[in-house]
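These protein sequence lines are chains A and B, in that order. Per numbering that gives the first Met the number 0, the very first residue in the first sequence carries number 0; after that it's consecutive. Per numbering that gives the first Met the number 0, the very first residue in the second sequence carries number 0; after that it's consecutive.
To be clear, the hints were calculated from the coordinates, so they are not data collected in a lab. Any given hint could turn out to be false.
Since the list can't tell identical chains apart, any single copy or any two copies may satisfy a pair.
Listed below are the simulated SDA-like cross-link pairs for lysine to any residue, each with C-alpha atoms no more than 25 angstroms apart in a straight line [claimed, not checked]: (1) K241 <-> E287; (2) K83 <-> G243; (3) K176 <-> P85; (4) K241 <-> G81; (5) K245 <-> A106; (6) K245 <-> M79; (7) K322 <-> S278; (8) K241 <-> E109; (9) K280 <-> T115; (10) K245 <-> P202; (11) K280 <-> N129; (12) K83 <-> M45; (13) K294 <-> P244; (14) K322 <-> E15; (15) K245 <-> T108; (16) K294 <-> C309; (17) K83 <-> R48; (18) K322 <-> M45; (19) K280 <-> M45; (20) K280 <-> Q311; (21) K322 <-> L14; (22) K245 <-> F112; (23) K252 <-> G53; (24) K280 <-> Q80; (25) K83 <-> A165; (26) K83 <-> R141; (27) K83 <-> K245; (28) K241 <-> P182.
Number of protein chains: 2
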Amino acid sequence: MRLTFLGTSAGVPTLERNVTALALALDEQREWYLVDCGEGTQHRLMRSRYTLSGLKTIFITHVHGDHMFGLPGLITTASMQGRKDPLTICAPAGVESFVRHALQCAAVTELPFTLTFRATDVESFEYRDNHFSVTSHELSHRVPSFAYRFAECCHPGALDQDRLNALGVPRGPLWGKLQSGQPVTLEDGRVIEPEQVRQPPPPARVAVIGGDNDQPGLLHTALQGAQLMVHEATFTEDVFCKVGPKYMHSTAKRVAEAAEQAQVDHVILTHFSGRYRRSPKPGEYGVEMLRQEAKHYFHGTVSLAEDWGCWQLGRDGRLERLKDH
Amino acid sequence: MRLTFLGTSAGVPTLERNVTALALALDEQREWYLVDCGEGTQHRLMRSRYTLSGLKTIFITHVHGDHMFGLPGLITTASMQGRKDPLTICAPAGVESFVRHALQCAAVTELPFTLTFRATDVESFEYRDNHFSVTSHELSHRVPSFAYRFAECCHPGALDQDRLNALGVPRGPLWGKLQSGQPVTLEDGRVIEPEQVRQPPPPARVAVIGGDNDQPGLLHTALQGAQLMVHEATFTEDVFCKVGPKYMHSTAKRVAEAAEQAQVDHVILTHFSGRYRRSPKPGEYGVEMLRQEAKHYFHGTVSLAEDWGCWQLGRDGRLERLKDH
Chain A
0 MRLTFLGTSA GVPTLERNVT ALALALDEQR EWYLVDCGEG TQHRLMRSRY
50 TLSGLKTIFI THVHGDHMFG LPGLITTASM QGRKDPLTIC APAGVESFVR
100 HALQCAAVTE LPFTLTFRAT DVESFEYRDN HFSVTSHELS HRVPSFAYRF
150 AECCHPGALD QDRLNALGVP RGPLWGKLQS GQPVTLEDGR VIEPEQVRQP
200 PPPARVAVIG GDNDQPGLLH TALQGAQLMV HEATFTEDVF CKVGPKYMHS
250 TAKRVAEAAE QAQVDHVILT HFSGRYRRSP KPGEYGVEML RQEAKHYFHG
300 TVSLAEDWGC WQLGRDGRLE RLKDH
Chain B
0 MRLTFLGTSA GVPTLERNVT ALALALDEQR EWYLVDCGEG TQHRLMRSRY
50 TLSGLKTIFI THVHGDHMFG LPGLITTASM QGRKDPLTIC APAGVESFVR
100 HALQCAAVTE LPFTLTFRAT DVESFEYRDN HFSVTSHELS HRVPSFAYRF
150 AECCHPGALD QDRLNALGVP RGPLWGKLQS GQPVTLEDGR VIEPEQVRQP
200 PPPARVAVIG GDNDQPGLLH TALQGAQLMV HEATFTEDVF CKVGPKYMHS
250 TAKRVAEAAE QAQVDHVILT HFSGRYRRSP KPGEYGVEML RQEAKHYFHG
300 TVSLAEDWGC WQLGRDGRLE RLKDH
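Isolated chain A (complex conformation):
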């Protein structure tokens, strides 16, 4: 499972970071998913491995502009590029109205592809395709905000050759049939079911990607079985104390505590206040402060998202930073 951050700044773009967007794909698959779409997401995409033609589904966490103002431009560009594949946007109330009205005002009366919206602000929301099963989880913010839990679809395990040999299934077409999920009948009349000769399926990879939220603990249940938590950490505790709780954002500490309680392996922090610089001068805040704070409360790995930063969550549960975005 591969994540490429396209924007990692809270509220407004900075010279170092754009507003929020995240591309997610199952390893080398061409199809990919977009979580949030701040203004300028299509610009960031041009310098990434992903193309609009491979975009399968968009998930929006909440209606704030820095998470959705890039949608009309991205959709218009896909239209001008001649996209034909349908596009689904899963989002809470308000996003569809924004997008449809924007396109109408801009005289985009007809798209060359079907644009469908699905409401995620319902308890039973589940999105499923051949790569992922995605559920939504309500958070705490100034507007309804949601996390998305991406669970890799389990594929049947590979054939267990020892078991096949023990049962006397001859190598050849019968193995192929079993691999494709069909039972086979041996010469002696025994029927072998695929389930008898398969290894256990590989563990499904699960990542929980949060929207803006001041109570990361709300994700405790969603984080069960997840290896990776991606969550906003807009402030460190000291800044939070100065700014106050009115913006309803998280600190690195609070995210780390929730991750520790839920026993996930990896946390990627994102959505940083513009005051945190990559290379701070004396007296300035640096993003490393966020990492240090989180590491104090969490025993897993802590990574700091940056624009075009790309991470791979392997089948072995390891999280690796990739060079190529």
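Place chain B on chain A using the hints.
For chain B alone, kept in the frame of chain A given last:
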């Protein structure tokens, strides 16, 4: 008069160019004007000399997304920066509805400044402040589209010292009074009016900035008295012949012919199709083709806009490319 291009691509952003936006200011004035606001304009601004706090008025040429989708983000950022000064957006129908609905969907219920819209799709439109008088001029495009004619407000001429001496006005406070526009009474009882002792005012600088348009000749009247025409040249003639007229855009030739007929001094071409590259490889289209085509039909200067490209129209009527944007 200073123009900084913030986006010069037609329809969609490219790696070299963003979608349309242009910053205009009267020389070194802090206050500036924005003409069009494609997605990502606020990002381009961060690397320009201009700040959102100095932005006085926005003019939108037409409702297509590549000319207005940057408005909600720019307004939201101005709001988060605590802007207090009122902001006026002069635009044809559709733009206000787009902006107000976008802000409402994004839960921006209250701005810390007054946001006012003025309709430019009316014959009598005139915007006036202490720097510019701006009129709108209808063009020909797939949706109602307008050019804006920016005429510098004439300030009274400087005092004519020879004339003051000839009339026997003693140097000192009386000169100051005349300079500030008040009549003075001399010791011998004669009353001197400011108009008697002023040099003729410097010629007003006028720039006409077009929106998308397939009939540049429509600007003939608006171009009278103008030194500078900024106009889209999406295609060269050969490409236009292949693409056909359906997009209702101009070619470099057609803009040049209109400029020649109206006898303006300078043309800056912009809004180039993505196929025209700055450094084309063999077989690719290059932006220089647009300049060559225009120069063939126009005797004035032809410049090709590029992102962050900055030009100064001097009081002497000369157009100079500046290094600093």
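- Message: I'd like to know which numbered hints this structure contradicts. Please list them from smallest to largest.
- Response: Result: hints 3, 9, 10, 11, 20, 23, 25 and 28 break, sorted rising.
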